[in-house]
Every structure is written in structure tokens, then in C-alpha cells.
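**Student:** Single-letter residue listing:
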Amino acid sequence: MKKNAAASSALSTEIAGIKFQNPVMTASGTFGYGMEFGGYTDLNRLGAVVVKGLSLKPRAGNPGPRIVETPGGMLNAIGLQNVGVEVFLKEKLPLLKGLKCRVIANIFGETIEDYAELAKRLDNAEGLCAVEINISCPNVKKGGIVFGTDPIEAARVVHAVRRSTGLPVITKLSPNVTDIKVLVRAVEDAGTDAVSLINTLTGMAVDVERRRPVLAMSTGGLSGPAIRPVAVRMCWEAAKAARTPIIGMGGIVTASDALEFIIAGASAVQVGTASFIDPDAAVKVAAGIADYVKRHKTTVRELIGSLKTG
Amino acid sequence: MKKNAAASSALSTEIAGIKFQNPVMTASGTFGYGMEFGGYTDLNRLGAVVVKGLSLKPRAGNPGPRIVETPGGMLNAIGLQNVGVEVFLKEKLPLLKGLKCRVIANIFGETIEDYAELAKRLDNAEGLCAVEINISCPNVKKGGIVFGTDPIEAARVVHAVRRSTGLPVITKLSPNVTDIKVLVRAVEDAGTDAVSLINTLTGMAVDVERRRPVLAMSTGGLSGPAIRPVAVRMCWEAAKAARTPIIGMGGIVTASDALEFIIAGASAVQVGTASFIDPDAAVKVAAGIADYVKRHKTTVRELIGSLKTG
Amino acid sequence: MKNRIERLCEITHNKEVSSSYFRIGLKWQTPRIAPGQFVMLRVTDSLDPLLRRPFGIYNVIDAAGKASLRGTGIELLYKVVGRGTRILSLKKPGECVDVLGPLGNGWPLPRLLSSGKNRWGRHDKIIMTGGGMGIAPLYLLAKKIKTGVVLFGGKGRAEAGLTKAFKGHKIRIATEDGSVGKKGFVTELLKEELGPDSAVCACGPVGMLKAVAALADDAGVDCYVSLESSMACGIGACLGCAVKSGAHGAAANRDYRMVCSDGPVFLSRDIDWEAL
Amino acid sequence: MKNRIERLCEITHNKEVSSSYFRIGLKWQTPRIAPGQFVMLRVTDSLDPLLRRPFGIYNVIDAAGKASLRGTGIELLYKVVGRGTRILSLKKPGECVDVLGPLGNGWPLPRLLSSGKNRWGRHDKIIMTGGGMGIAPLYLLAKKIKTGVVLFGGKGRAEAGLTKAFKGHKIRIATEDGSVGKKGFVTELLKEELGPDSAVCACGPVGMLKAVAALADDAGVDCYVSLESSMACGIGACLGCAVKSGAHGAAANRDYRMVCSDGPVFLSRDIDWEAL
Ligand SMILES: Cc1cc2nc3c(=O)[nH]c(=O)nc-3n(C[C@H](O)[C@H](O)[C@H](O)COP(=O)(O)OP(=O)(O)OC[C@H]3O[C@@H](n4cnc5c(N)ncnc54)[C@H](O)[C@@H]3O)c2cc1C
Ligand SMILES: Cc1cc2nc3c(=O)[nH]c(=O)nc-3n(C[C@H](O)[C@H](O)[C@H](O)COP(=O)(O)OP(=O)(O)OC[C@H]3O[C@@H](n4cnc5c(N)ncnc54)[C@H](O)[C@@H]3O)c2cc1C
Ligand SMILES: Cc1cc2nc3c(=O)[nH]c(=O)nc-3n(C[C@H](O)[C@H](O)[C@H](O)COP(=O)(O)O)c2cc1C
Ligand SMILES: Cc1cc2nc3c(=O)[nH]c(=O)nc-3n(C[C@H](O)[C@H](O)[C@H](O)COP(=O)(O)O)c2cc1C
Ligand code: FES
Ligand code: FES
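Residue numbers (our numbering), protein chains in the order written: chain R, 1 to 310; chain F, 1 to 310; chain D, 1 to 276; chain C, 1 to 276.
It is possible that some hints are incorrect.
Now the stretches of chain F that chain R is said to cover, found in silico as 3 or more residues with beta-carbon under 8 angstroms [to be verified]:
#1 176-184
#2 198-209
#3 230-243
#4 257-265
Derived by calculation from the structure, the hints in this document are not laboratory data. Ideal placement from N, C-alpha and C gives every residue a C-beta, glycine not left out.
Put together the whole structure using the sequences plus the hints.
**Tutor:** This is the structure we're talking about:
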């Protein structure tokens, strides 16, 4: 599949001044550090790879079972296992050098200082185009608070990260809130350059024979096609309230799914759980968007937020 | 399938002093006024029928399309079409007379006075065992506020209904909130006798060819198996916080699904969307629970909240 | 108390009759069926796709092969348009599908058949007008109304192939590409056939039904249309399949009609065509 | 850049070999396969069930029917336990399934085969111990380690039927109901066979593996176990299939191993058996 310059620019999108060759990224935690998929898909055909959430220190994660399938989705309670920011910078990021797709680091901490420190370490990293802040992980209860459900705490995290890095900052929101618009405004006021959503919905599965939760941690994050209608709705609400670009995700499997988000207002999308089913899913989504754009004689930029209501 | 007295009492459950022959009810809005299913299932084998949400005046509902299928679920924006409380009492309720299952009326209003007035009209209705208050419908935006997402407004509704009827009051909660426990406490403090959850999650589907929402009302309520993990989690959280009995629902298709809720803390369950796929679904769920109870030599009452964690 | 029918029916045949159009036969000791009634099929027992799919009853098969409204099996005619119909098209004879039905009202046979001898004193000529897949429920109607005329409109040859079964009836065809019959829309044929004594029974895409209804209205004759809508339950419980009723319609407090239980056949003037 | 293998493979056969146990053949110009590796199958293209299902590679079929590790097809041996395996069992020859693999490490053949001549100076006797369905990945291993002994433990006759293919190998069987071979657990047989020069390769239920590992530990010999875990991706990306590593295990900052990419075969002392 060769793309000429015109077609490729019809697919490109821009977020916080960064240009992406197409609007399809991989979602954090579903694509490892990128190279895991190297043999199964063409990373050069992605808009960006968002790597597994990084913490200051390596983290071992939660005991198993960590995942369970649910109707049209899955629950996970990985516990944010990761190699830590230092190993990432030394061993993982360099492997992605020279690829046409961009790389975004996803970070999380247990304190605001953690977030700030992480942002600082990533600041001058070669090959990173942006930092995505995960304030919405429902699995780690340490410290007690879930930053992402409290607009004030969310704003404090964003503010701290904003001051610690020159990289564009994307804030990733949790769907487990009454009003997503309040969170969008809070993180925008705190200086985020873009908003991504949705992270997983908190859920639970019970093993009725053993009368125990299936997951060792009791609850986990629900992802996959099952959550897509909630994700599209929240993206639409967020896009209407936002001044900054929106990156939409939640249950995207096909190009048509991705287009729902883009038409509802997302400047880019992320493919998560679908990569488990088909490691080539994100590339196929990008190819399908290219077909749609050609068939409808339009561009991705024209499609963003083109939803007609009423 | 004959049930002897022992088996039947092993299945029975109690909510607000009312005894139900088994813990399986039909969910409001998914079972009409009961008789629609008369030819397809044996109403006598249900714990209770919860009828379509009633308002003071008949309501025409929303324009179509009102429903759309989604992965493992569906969105609906019926707009609470109903015959109104008077027609219900005169024409619908009497048809259910003489059945072994109980009948619960589900009500909603646009003002607190509406709710109070509705509760009053139903107060002496023969054949009703309880009133379920829908404070969580995401479809009707009239008046601006969604009672179910604001603990203070929710409490006001419950308080008003509580004062207007001698019937046990069940308050049905919305899942579209940051912390379900806050709502549970608010409606309990206001005097509800039981809590039912979850109502639908707000969602949206986009027709990418027409670049329009599929539903005429743009958004709708997501129901069906897709939402079950969220529903089980919320029931579990609610049950831990609650002093009153919980009625669990959201995506129940099989007896095993229902048992997830019961083990997580629900005293009864409601079957919703599944009745569209199989009009006999709720009865099959009840039969499956009977099998489980027999196989495990236990009772429904023992199963309630028997989840072991940690 | 459980007496209506929802059951696993064995597939007797499932053949592609024309490109992407299939005819499926289901073993089913049917109750009496009215032409225009439909069934809801569950095409999979997975949760995706989740909901049943509605299909008009195309034919009733009785032991003697006669045009009975009661039989030992039914046939459906369907087009593969999405996942549900694709799954259905892959099913083999001997496999079973879960059938809920017969559902809906169907065309008002007694009223239509009384042709001129009843108090309405018209309906001497029943014009059955089908567009594309909309021809399906008209077959059973045509079997009963032998004297009527069948008009068919379709895109081209593939769709026109659906009319083969109608030989023995007076049938006229229009195709958009002119490959079979008259070139143009079926409404052209309808204009030629419509008279003051006609009644129209129509099924097809909304655009076509709208045009047919307008013509019938102008001619001052009754027009019964069979509508489609997204459905979840098929039995009047979910209120999902609503269509708006027109000025002549139901009581003011009941602005919407359910396609599944009030329909799928409606008198065209009871429908608010603007809202469709 | 896209060079690893994920593709639609045609089913050549899919037969019930024993009650609810099936053997399926898939056409696949395989890369070199290590005994103990597995594949992830997508059994449906519906979204329910959503995830792929892991299955050990039971056999590699090469043109000449030889015990090659490279071939024109593979066979899997599976038991119907839920929806995914039921859907798989209904598939007919000629249909295709989407296969991702080969995945995981497999047993360390070179180390095992060097039997006594290597610097570890032991492994003169490889004891392959399978419990129930756990026999599947041992077949390919046994084909390569002709001198080894195969021990099988199962519930009864149906499961013991799985060992038929192993004729030509030294095989001993224990069944819980005593219907075939020795009555009791496979660990009884293992106790009899274990010697200071043995190495153990085992696959089966966790309880059995735990007991096998304990016996091997007591005897001071290497024990390689193949573990199972819930999996989403199969390629080390989701971190869903973690098992806790034991005291002798990996670095402190890496408490968990991924069954799909670090395993499924682990040295038993690298596993924290308490946490399983
Ligand atoms: C009362 C009634 C009778 C019907 N009779 C027949 C019949 O005899 N033969 C036949 O082939 N079809 C008939 N239909 C339409 C049939 O139900 C749909 O084509 C079918 O449900 C599509 O299922 P799917 O999973 O293949 O498509 P989906 O994957 O659900 O959808 C694929 C595409 O088809 C469109 N679509 C979905 N449902 C409908 C619908 N109800 N009407 C029109 N377009 C739709 C969708 O918008 C989408 O673009 C009837 C519908 C109704 C309501
Ligand atoms: C590396 C690996 C290799 C495997 N090799 C084989 C093999 O060669 N042959 C074979 O038959 N099976 C094998 N399995 C197990 C197989 O993957 C499961 O039996 C299968 O995924 C079940 O799918 P299902 O949809 O039928 O069951 P589900 O509907 O998903 O579950 C049904 C029941 O099976 C249980 N179950 C689900 N997954 C597993 C699992 N991974 N292990 C044990 N129980 C499970 C569930 O808890 C549930 O009780 C292997 C698993 C792994 C991880
Ligand atoms: C196994 C798994 C691990 C995840 N880990 C992270 C993570 O580390 N950081 C993060 O921000 N989101 C994480 N997510 C959330 C996804 O990035 C995404 O927001 C969510 O899965 C919804 O998209 P999907 O439905 O396409 O998967 C994870 C999701 C899954 C399924
Ligand atoms: C078509 C439809 C109509 C509904 N109408 C009502 C209603 O009138 N009142 C109400 O409280 N809940 C209503 N609900 C919500 C259900 O009662 C139930 O809470 C929800 O569907 C989740 O359960 P389920 O996944 O089993 O369907 C409706 C749901 C559907 C699908
Ligand atoms: S489909 Fe449910 S009311 Fe018509
Ligand atoms: S299954 Fe995803 S890491 Fe092992």
C-alpha cells in the first residue's frame, strides 16, 4: 500500500503542534514498549506508539489472576507493572529509534512529586514527542486517592507535570466520574495541551463456584468493544467542552469504530484491547480510515467533530 | 418442574418486609406491563414483575430511532413512553391479579412534586407490593437536572415519595456517578427501604456514513451483558455501604450472571435486556438459581453477600 | 400459560436465490399465519450480535404444498446486509435457529378479500407493490389474493430475480437500470394501475413507501404499508420500534405506534411520513 | 518488518478422539517449532468470546510424516471446557481459524538432549509427566526425546485414551479410578522412576505440577514445568498472564514472569508455588 503525499496529508492530524502521519495510536498498556509487536505489525504505519505506563521505580504489579474476559470486553488489574523510567530510557526507547511513528510516554505516580519527577526525567529524552499523564488508573489504591476523579487533584498533577517538562502534555481521563466536562476544564485550566479518554471503567467479575472475585485484586478496569458507546459519548461531551484537542479511545476494533470518535470530536484515536485480538489491528484501523477518507473525498482534519445533531 | 416447600423457601428472599418466592424480577422498561410476556413465559414463576416507568400523565416518548445494538449490549432512548399512572391502575394492573409473582411499580417525574403525587396515587393500589423510584433516567433532560447524579436532589425525591406512600420504597440508582456509595447513603438517610442498581450507562453510537448520532436523541442508555462487570462492581460497593437490601441488575442473562450479583451482596436481581433476546429469560434464571442452590446445598439468603475477598 | 411460540426450528434449506439474496426454509408446525406477519430470529447463541433479527414471513409450507396459512414450515427471503444476515447465510440444513413468532398484525385479509361486497364497497383491485427485499411478505399475500396485481421495483436484474416465484400472478416489473421490465421506479407502474376501486398493499424502502402512499392518497384509496424499524423485543415491550402516527392517527396521548405490535402493517394515513 | 506469523489456517481434520477431547489439524507451513510452544487461536470473528484461546502445539506434521519440528501443518489436542472450545469443536475441515504463533519458549531441547555429556553431567533419564490435557505438549517432546519415559495421570479411561498416540514410547499410566494402569496419582509413578540422573518435564493441573516439582526438588533434579494462565495477548504485551517467581527467581525488581513470553516452560524452582 503506497500512499502519495496528498493522501498521506489527508490522513495527518495535529495535536499540540505535533504532526502525526495518521490519527491512529496504540493505547498505553496494550502495546508493551512497542517492540513486542515488531514482528506482527508495521510500526511505521502507526500515528504513534503510546508505551506502557511508567513509574519512577520499576513496579512488580499485582498478583494473578490479572485478567478475565467479559462479554465484549475484559477486566484487567495488572497493577501498572513496568520497568521503571530509567530502564525505559536506556533499554526500551532506543529500540524505537528511526521509526516513522511517534512515541508517547505514559506516566503515573503515587504522589504529585512522582509525576513531576517523571516528567523531568523524560524532558530531554530523544525520540519522545509527548507525555501522557495517567491520572485515571483504578487499580492502584496506594495513597488512597484516585487523582482522576477529583478535579482539584487532577489539576494539581497536570500543573506539576506542566512545569517540569517542555514536552507537550496529554492528560488521560477516567470515565468513572459523574461529569467528564468538569475534569476536562480542570486539566485544561491547569495547562494540559490535550486530553485523552477514556481509561477503563471499573468493573468486577465473580467466580460463582468459588464465591470469590475472579481477579486477585477484586476489581479491575473494563476495556474493549463493550465500553465503546460510553467512550464515544464521553469523547463527544469532552470535545464540546474542550479548548484543546481530544484523543479518543475505548473499544475501537475497526476503522468505523475509530471514525465514530473522530466524527464526535477526537483529533486522534488510540487502539487498545483490539491489539490483543489482532496485533495488526491499529494498522488496519489506519488503513480503513484512509479508505474512508478517499471514498468520501475528505480529510481527517475535516472529519474531526463533523457530527451533525438535531 | 415442581418445587416442594423446602426448595421454594430455599429460593425465597425478603426486601423491606416483603417476601418474594424467588429473587428474580424483571427490570422496568424491559417487560412492558407484564402481560406482553404472558404468552411467552410463566409469570407465576417470577419473583416480581417491575413494570415500565410510570408518569402522572401519559407520555409519548422520543422520536426514532430509539434503539441501536452495540457490542454485547444496546442503547435505548425510549423517552419513558408510558400510558400514565391512571391508565396503568385501571387497565394494566388488574390484568396481573391472581398471579403468584409480585408487582412493583416504577415511577419517574420531572419535579419532586410529580414523584410525590405519583406515590400517593399508587398508595392504595391493590396488587402492588412496592414502588421503585427511577431517579436515574438519562434520557429526559426536561427541567435540566438528573436527580440521580446529585445526592441532595436524590434524597429530596426519596423523602417526598417516602412521605406520600405506605408502600415500601425502592430507589433505583444511576451508574453515571463518581461514587455510588455517596448516593446509597443519601437515599438511605432519606428513608428508602431498598436500593436497586444499576440503571443504564449513558452512551452514544455514531453513524459514520451519515455523520450523525444513530439515535434521534443523540445519546441513550447502555444495557445488556456489556455492562455487567460495571454493574457487579457497583452492587458490591453499594452492598458494603448499605444498611438496606440491594437489588442488583445490569446485563444478567444466565443464572450464573445473577449469582454474581447475589454473592456480591444483592438480595434480589432484575433481568432486563435479556428478556428481549429470550422472553423466558427471567424464568430460566430463576430455575438456574434453584439448581445452584440445590447443588451447593445452600439457600439464596445464605448466598447474599457471601463473597470472600482477599 | 406459555402458549405462544418461540422455538428451535430446523433448517430445511438455505439457498442463494440471487446474488446475496437467500431463501431459507424452517420446519415449524405453524399456527395460522397472516400475510405480512414476521418472525424474530436469533442467528447465534453468542452475545454478539446480541439481538434477534426481524424477517417477514415469505411463505408457509403445508404438507400438500398448497397456499395455506397454516403449515409444517415457513420460508423467509432475506438479503445479506450485515453480520446477522451473514451468519444466517452460513447456516446449513439440519442446523437449528431460534424463532419467535408469528409476530405483528399482517395485512387485513378479510377486509381486502371482501372486495366490493363489503360496506366500503371498493377494493376491486388489490395492487401489491414491493420494492427490493420488500417483495418478501407480499408473496404470501399474493397467494391469497389471486386476483390482484403485483408490482415490483428494484435496482436491476439481481433484485428482479426475486419475482420468479410470482409466476401465476399478474406481475409487472420496473428496474432502475432498465435491465428487466420498465426502466424507472415502481411508482410509474403504480400510476398506471391505480384506479378509484383499488387498494394498495406495499412494502419496501421508506422513500418508496412515501411515494406510494402519496399516490394512493391522491387517488383517495386505502394504502396499507408494511414498515421496518430497529427492533429489540418484537412483542411491544421495549417500545424501541416506534414510528410517529399521523394526523388521522391514534389518540393524542399516543403519538407513537409500535411497528412490531401495532404493525408492521399500517394504514398509510395513520403514519406521520414527515417524521420517518 | 512484519515477519512473524498470524494467519488464517485451514482445518484439515477436527475429530473427537475421546469423550470431549478433540484433535484438530491445521495447514500451516510452520517455522521451526520447539516442543512446549503454543499458539493463540481466534475461534470466532464475533466479539463474543472476544479473546484468543491458547493451545499447546501437540504435533507437527511434515510432508513425510516424520517427527520434524518444521512442517506443513500442526495438530492441537484440546478439551471442550467452555464456549471457545465448544465453538472450535464445531468447526469443519475446510473452514479456517486465525492462528497466532508459535509462541513461548518451549522445553530447552539442547540442554535436555545433551543427556550426561554436557557440563551438568546428568539428565540421563528424561521423565515426561503429563496430567490430563497436560499430555498435549509432551507428545512433540517425546517424539524428540526417544529415550525418555512418559508418565500419564488422568481421571479414568476417557483421559487415558489420550495416550494412545504415544505407543512406541515407554509409557506408564495412572488413573484415579484405576480403570487403566495403576490406581492413584501420577506422582506415585514418578516416585518410582525418579533417580539422581533424571530430569523432569511436566505439564498438567497446578496441583499436580506442585507435587511433581516438590518430588523433583527432593530428588535434587531439574524439573521443567509448563504453566497455564489467563492470557490476552500471548506475546508479552498485556502483562496479564503473570506468575510470581520464586526465591531463586529473577531480579528483585521483576517479581513476576509472563507465562506467554517468559514461559510457558519454567524451571520449577523459579516459580513461587505458594502464590499459584
Ligand atoms: C418487520 C420487519 C421485517 C423484515 N423483513 C425482512 C425480510 O423479509 N427480509 C430481509 O432481508 N430483511 C427484512 N427485514 C430487515 C432485516 O431485519 C435486517 O436486514 C436485518 O436485521 C439486518 O441484520 P444484520 O445483522 O445483517 O445487519 P446489521 O449488522 O444489524 O446492519 C447492517 C446494515 O443494515 C442496516 N439495517 C439493520 N437493520 C435494518 C432494518 N430493520 N431495516 C433496514 N436496514 C437495516 C443497518 O443500519 C446497517 O447499515 C425486516 C425488518 C423488519 C423490521
Ligand atoms: C499456554 C497454554 C497452553 C494450553 N494448551 C492447551 C491444550 O493443548 N489443550 C487444551 O485443551 N487446553 C489448553 N490450554 C487451556 C485452554 O486455553 C483453555 O481450556 C481454553 O482457553 C478455554 O476456553 P473456553 O472458551 O472453552 O473456556 P472458557 O469459557 O473461557 O472457560 C471455561 C472454563 O475453563 C476455565 N479455563 C479457561 N481458561 C483456562 C485455562 N487457560 N486453563 C485452565 N482452565 C481454563 C475457566 O476458568 C472456566 O471454568 C492451554 C492454556 C495455556 C495458557
Ligand atoms: C491490559 C491493560 C493495561 C493497561 N495499562 C494502562 C496503563 O499502563 N496506562 C494507561 O494510561 N492506561 C492503561 N490501560 C488503558 C488503555 O490504555 C485504554 O485506555 C483502555 O483499555 C480503553 O481502550 P480499549 O477499550 O481500546 O482497550 C490498560 C488497558 C489494558 C487492557
Ligand atoms: C428499552 C429499555 C427501557 C427501559 N426503561 C426503564 C424505565 O422505564 N425505568 C427504569 O427505571 N429503567 C428502565 N430501563 C433500565 C432497566 O430497567 C435496567 O436498569 C437496565 O436496562 C440494566 O439492566 P439490563 O442490562 O439487564 O438491561 C430500561 C432499559 C431498557 C433497555
Ligand atoms: S421491538 Fe420492542 S416494542 Fe417493538
Ligand atoms: S498474555 Fe499478554 S503478557 Fe502474557
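**Student:** Hint by hint, note whether the structure agrees.
**Tutor:** Comparing the hints with the structure gives:
1. With 4 residues having a Cβ less than 8 angstroms from any Cβ of chain R, the segment 176-184 of chain F passes the three-residue criterion, so the hint holds.
2. A count of 7 residues in the segment 198-209 of chain F with a Cβ less than 8 angstroms from any Cβ of chain R is obtained; the coverage claim is therefore met, three being the minimum.
3. Requiring three or more residues with a Cβ within less than 8 angstroms of a Cβ of chain R, the coverage given for the segment 230-243 of chain F holds, as 4 such residues are present.
4. Check on the segment 257-265 of chain F: 4 of its residues sit with their Cβ under 8 angstroms from a Cβ of chain R, so the three-residue criterion for coverage holds.
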